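Colleague: Chain by chain, the residues:
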Amino acid sequence: DTAVSQTPKYLVTQMGNDKSIKCEQNLGHDTMYWYKQDSKKFLKIMFSYNNKELIINETVPNRFSPKSPDKAHLNLHINSLELGDSAVYFCASSPGPHTDTQYFGPGTRLTVL
Amino acid sequence: GENVEQHPSTLSVQEGDSAVIKCTYSDSASNYFPWYKQELGKGPQLIIDIRSNVGEKKDQRIAVTLNKTAKHFSLHITETQPEDSAVYFCAAPDILTGGGNKLTFGTGTQLKVEL
Chain A
5 DTAVSQTPKY LVTQMGNDKS IKCEQNLGHD TMYWYKQDSK KFLKIMFSYN
55 NKELIINETV PNRFSPKSPD KAHLNLHINS LELGDSAVYF CASSPGPHTD
105 TQYFGPGTRL TVL
Chain B
828 GENVEQHPST LSVQEGDSAV IKCTYSDSAS NYFPWYKQEL GKGPQLIIDI
878 RSNVGEKKDQ RIAVTLNKTA KHFSLHITET QPEDSAVYFC AAPDILTGGG
928 NKLTFGTGTQ LKVEL
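In order, the protein sequences belong to chains A and B. Quick note on this note's numbering: the first sequence kicks off at 5 and runs consecutively. Quick note on this note's numbering: the second sequence kicks off at 828 and runs consecutively.
Okay, chain A solo, but in the shape it has when bound (with noise of 0.2 Å):
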């Protein structure tokens, strides 16, 4: 009965490969989250999709680009990693757009060698 659910947990990769990240939510929200938490454990935004709608894109690389099948899927999908990348990657998702609660998944440790 997991609610956000999330592929792989844990994710060691070289520098320069390409990989993906999924997300799954089965609490029929409508809005969709990826936030990065580095090092330090400060949590930022980084796309938010609403009912496969792209709303949200922060300043990332577009080495990062997500994509939102259904509405309750996002993934993401990370070009040509660098070290700065590792991190750990963080889906959430809320009812709708606007200042709902975000419910959180277990989270994807990402490390770049």
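If the Cβ cut is set under 10 Å, some of the chain A residues that face chain B in the computed set are:
#1 L47
#2 C95
#3 T105
#4 G109
For the record, the hints were derived by calculation from the structure and aren't laboratory data. These figures come from a predicted structure and were not determined experimentally. Built from N, CA and C at the ideal position, the CB exists for glycine as well.
Go by the hints and put chain B onto chain A.
Modeller: Here is chain B on its own, set in the frame of chain A:
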């Protein structure tokens, strides 16, 4: 955009004592203020939130107070227990034109409850 400041960055208390974490925000239009708890190896989980039409909200040992004039809000945990040890984040919405709102998070407070 919204700017959220959170203090202290670390807080150590004895079991049974109270803990207070404070946040300030910059956008006077912000109207929703959640607090999240993040345990080691897990995602942030909402523990309490407050909307701008009230000044205080309480849920068992946890309370949040809001001062809209001063643009600050605080988390109060009473009778702390070891399981309260975690990182706590405050947040405030950045109300965007033409799209959704996004949450701007504080920098987090590492709370340690010692036996």
